[in-house]
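Peer 1: Could you build the full structure based on these sequences and the hints that come with them?
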Amino acid sequence: KNQVEQSPQSLIILEGKNCTLQCNYTVSPFSNLRWYKQDTGRGPVSLTIMTFSENTKSNGRYTATLDADTKQSSLHITASQLSDSASYICVVEAYNQGGKLIFGQGTELSVKP
Amino acid sequence: ETGVTQSPTHLIKTRGQQVTLRCSSQSGHNTVSWYQQALGQGPQFIFQYYREEENGRGNFPPRFSGLQFPNYSSELNVNALELDDSALYLCASSSLLRREQYFGPGTRLTVT
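Protein chains in written order, with this note's numbering: chain A, 1 to 113; chain B, 114 to 225.
Hints in this document: simulated from the structure, not taken from any laboratory. Any given hint could be a false lead.
[Stated by the list, open to error] Okay, derived cross-link-like pairs now, SDA-like style, lysine to any residue, Cα gap no bigger than 25 Å in a straight line: (1) 71(A) - 171(B); (2) 1(A) - 198(B); (3) 17(A) - 53(A); (4) 57(A) - 213(B); (5) 57(A) - 215(B); (6) 1(A) - 169(B); (7) 1(A) - 170(B); (8) 1(A) - 167(B).
Peer 2: Laid out in structure tokens, this is it:
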């Protein structure tokens with residue numbers, strides 16, 4: 001069964017600190033992996049997209065890594081800000097399945113002053 | 114702002130009723146996908162439309178149906194509403210050539 005699992009489920013950090021979120025997937029065949037940020041009550045916003053040949057991709061203070069062999073990804077947030085408080089969702093697109101995206105349950109990040 | 118709009122923002126229906134949710138795609142996008150997001154969960158893929166034809170479907174019963182119009186806007190119809198249909202419904206538009214999907218703000222449906 002195609003699944004995407006994230007950890008931790010929730011995380012509280014102090015403003016200015018770094019953090020790393022984890023994602024494991026069993027989706028096969030694999031097309032690409034994405035990280036989205038979702039504010040409460042809003043639609044998800046894309047942070048990064050990586051294909052199997054990409055190991056790392058950055059978007060400002062966000063850096064995503066991908067190990068397609070172990071089917072693991074991480075999202076590292078540097079120098080966190082209060083506005084980083086949101087749900088971070090790992091998403092995998094299966095190859096040649098009509099654009100079907102498989103979402104993880106998300107990691108709820110809370111950045112405190 | 115992603116340029117994707119959805120209406121209405123909130124909706125309350127009773128069990129057994131039918132509902133229609135609407136989505137306007139970002140300009141230049143010919144593909145729209147619909148997702149159901151239950152509280153505290155990640156979105157679940159319902160289906161995708163490309164040039165007015167269904168292009169892929171998730172594990173949702175036939176009472177979930179859709180339409181895409183020539184201007185690439187889209188509707189999600191749900192018949193015989195059940196309590197478990199209460200969720201945030203998201204649409205996302207994209208062009209088939211580019212992988213990026215842009216999400217709308219969602220419609221919060223409550224079934225009582």
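Peer 1: What's the verdict on residue 1(A) and residue 198(B), does the C-alpha distance respect the 25 Å limit or exceed it?
Peer 2: Holds - the C-alpha atoms of residue 198(B) and residue 1(A) are around 23 Å apart, at most 25 Å.
Peer 1: What's the verdict on residue 1(A) and residue 169(B), does the C-alpha distance respect the 25 Å limit or exceed it?
Peer 2: Judged against 25 Å, a Cα distance of about 17 Å means the pair holds.
Peer 1: For residue 1(A) and residue 167(B), compute the direct alpha-carbon distance and say whether it is at most 25 Å.
Peer 2: 23 Å, holds
Peer 1: Could you grab the alpha-carbon distance between residue 1(A) and residue 170(B) and see if it respects the 25 Å cut-off?
Peer 2: Holds, at roughly 16 Å.
Peer 1: Is residue 57(A) within 25 Å of residue 213(B), Cα to Cα?
Peer 2: 15 Å, holds
Peer 1: Given the hinted pair residue 57(A) and residue 215(B), is their Cα-Cα distance within 25 Å?
Peer 2: 19 Å, holds
Peer 1: Run the distance test for residue 71(A) versus residue 171(B): straight-line Cα separation, threshold 25 Å.
Peer 2: 22 Å, holds
Peer 1: Within a Cα-Cα threshold of 25 Å, do residue 17(A) and residue 53(A) meet the stated pairing?
Peer 2: 30 Å, violated
The structure does not agree with numbered hint 3 stated previously, though it agrees with all others.
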